[in-house]
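As you go down the protein sequences, you meet chains A and B in turn. Per the UniProt record's numbering, residue 1 is the first one in the first sequence, and the count goes up by one each step. Per the UniProt record's numbering, residue 1 is the first one in the second sequence, and the count goes up by one each step.
Keep in mind the hints are simulated off the structure, nothing from the lab. Just so you know, even glycine gets a beta-carbon here, dropped at the ideal spot from N, CA and C. Some hints could be false.
To be verified - Ranges of calculated distance between the beta carbons of each label pair, as one might list FRET restraints: (1) B:Asn-401 - A:Ile-94: 28 to 34 Å; (2) A:Asn-403 - B:Asp-101: 29 to 35 Å; (3) A:Ala-98 - B:Pro-371: 55 to 61 Å.
To be verified - Calculated pairs, BS3-like style, for lysine-lysine (alpha carbon to alpha carbon, straight line, at most 30 Å): (4) A:Lys-266 - B:Lys-82; (5) A:Lys-266 - B:Lys-210; (6) A:Lys-290 - B:Lys-46; (7) B:Lys-290 - A:Lys-46; (8) B:Lys-266 - A:Lys-46.
2 protein chains.
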Amino acid sequence: MTRMHELLEKYPVGKVSYLTSSLMSPVYQVTASAPVNIACIKYWGKRDTTLILPTNSSLSVTLSQDNLRSTTTSRSSSSFEKTRLWLNGVEEVIKPGARLDRCLAELRRMRKENVEDKDPSVPKLSTWNLHIASYNNFPTAAGLASSASGFAALTASVAALYGLNAFPQHPSSSYSPPADASQLSLIARQGSGSACRSLFGGFVAWEMGKDSNGRDSLAIQVAPESHWPSLHALICVVNSGKKGTSSTAGMQETVLTSELLKSRIKDVVPSRMSSITQAILAKDFDSFAKITMQDSNQFHAVCLDTFPPIFYLNDVSRAIIAIITELNRVSVEATGHLVAAYTFDAGPNAVIYTESENIKTIIQLLLNYFPIDFAASPFNDSFQLFGVGHPSAAPFPKGFNENVSRVWEKDSIKGLIHTKIGDGPRVLGEEESLLNVEGIPKTLA
Amino acid sequence: MTRMHELLEKYPVGKVSYLTSSLMSPVYQVTASAPVNIACIKYWGKRDTTLILPTNSSLSVTLSQDNLRSTTTSRSSSSFEKTRLWLNGVEEVIKPGARLDRCLAELRRMRKENVEDKDPSVPKLSTWNLHIASYNNFPTAAGLASSASGFAALTASVAALYGLNAFPQHPSSSYSPPADASQLSLIARQGSGSACRSLFGGFVAWEMGKDSNGRDSLAIQVAPESHWPSLHALICVVNSGKKGTSSTAGMQETVLTSELLKSRIKDVVPSRMSSITQAILAKDFDSFAKITMQDSNQFHAVCLDTFPPIFYLNDVSRAIIAIITELNRVSVEATGHLVAAYTFDAGPNAVIYTESENIKTIIQLLLNYFPIDFAASPFNDSFQLFGVGHPSAAPFPKGFNENVSRVWEKDSIKGLIHTKIGDGPRVLGEEESLLNVEGIPKTLA
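Just chain A, same shape as in the assembly (with noise of 0.2 Å):
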């Protein structure tokens, strides 16, 4: 038994506490890392900027964490002259009343109400500062949105240093999140809107709820990750002239702008709502797929409609789209049933989910289009598709039109991610945390 499990033992699950020689003051500490979630049903538009509710209910699928996290490290000390946070080893400034700002002092509260006013003999965590200290395992470039899992993992540490809550180790064998990670999901929300979703394995969805406080803007697991172990995702990371458009400025804009997004949030998105959760519950991968590309098109529909408007797909998400397009008709011509869906977040990168044993053909095929340097973006064979060497084009399937698309220049897909559905956030050993005993980021140190 490591240190850790001995002062996890003495304290609440996730508080660990230590004395140096150099720091006599009690510190806690928890590091605990969240996944990325991707949507199937796309949010897209707030109807409150500060407090971060959405136009529209949301539904995603959270990615295993095995492949793509944030981890994060918190430690509270009395010793702290300041409130301080280390983003990929860069401090950022925390400015008052900003969102991370707001969402730590959310948690200060729920702890003073919740624990130290219930029971006075608990360190005033609530009134000694922060040192935090944040790493996504995944490059920026990649494109993928790191301030869901970020938001996700600084609000799962600190609620665990905080004993508000007790997201699981791991590995374990009946991971299942607690019961109040809906009332956390609250406050990610408020850090970033779709961090309230990676608070959950498995299928998640965001409850735009009515309150205009926003005590119901929530997330709630629909289904945990065991319920369709077979579902996986192929992410094409594409390359990208430039920086498009943030999602927190084009959203709004989109709401300012967009005559279609009304239709969108009223009479489209509350049914497909319904319908993927049914499609989830009974493991319809057809319906899951229709539903998860049209909603896609359908968010990038609206970025279209938004003036001046906002693209986020270009040449190569199309051609991807086109041959996962393909693809599907082959398929359904063959056996009456769709292959992948692709789904397109505020950028080119595809996510195409399928299942499992359809990965490696739909990477053979891609690279028909797509030649990728491996030897300069390895891939990562996390589920032993290709044995030694790098996966390599194959025949087009039977019957497929291979001028869908042209053949692309080199790199074009920059790197492809295989990942599968995950899990929720995970409190971890203290040998992962990223902070030194001087409270700083030990990358700096």
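Dock chain B against the given chain A, drawing on the hints supplied.
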């Protein structure tokens, strides 16, 4: 006075009769030309695919025939054994019941009812076969819809031949559309929906109508070309890798699968039709431009909301949008006014509307991003903007953010066409006939 003018005095305008040694039966013939039109409020979706009744009203600008036109010669002879049609010198099969056949049947019916039944002395042209030759003076590769100008020229020439209508000769100092052009637009519409708008010059609305028989789905002139003669257009012919979805097929896919189209039809287009009409009547370029850009964006948005999605814009189209958006931003900052409006039909080509004085600046701006080999694609400088030599790039306008687009490979835009707002169909002189004395296209003789 030419022989044709003599004949025009002898016979109703538009009818030409002559005898030849080889062909003793009387022959009547008219040649007419018709313009291209580019919609500001887009037509996309039919409620009746046979009668070609649209799901929403639309509005277009007629471009000058001096630059882009379809020319059609229609000849009627009792000696013709069957009705034949040549398009750009290639004979087309006239399928019974198909669009062309239906148009001709309607014209024959009108000839009989409106002319022959009233005056038994006129020749029974409605019972004779026709030879028709049509020619577009712009290459199909230019990606401009030729069916609109083509069916308009056909309708205008046969209508004149049948004495149904007297489209004016050109040049004419007092061009105005004939009183029954809207009635003829009912026929052109059945050939190709947007053809009905090419029966008028200037600004033309296609009112969707309500009748299930289509009798009220017709074109009307909102304002003649003389109302706003300084309105010019710059067509950017964009290289496109592959042929996109045909508009005929595409729009019905949208009708069947896009939820957002319903909202566009019901909530958006009616008010845009009225706003842009007011903007045109007031020569309010700011409103005209904004609505035009918004409606182009929304048309492409509903294409994207189609399942599978339809894409017509490519990365070059999007770069043009970004450049015009930035040019407008800088202009609004400096003067409070927009400079230019982009619009895109079912393809990647941009049409940019602007006041004549801005065309040169826009060309010089675009050339910074899109080098064009003018030796291979000569610029027809009809308005003498550049004097001798090819157009070339000029320094960016003050405050213009150059980074809105990268610099593209040579000939990503493969040509520029500068034109202006223009008139409706013209009856041409005999010397413009596309048919030789035997009644086959001169190009084949």
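### Task
Mind listing which of the numbered hints don't hold for this structure, in increasing order?
3 and 4
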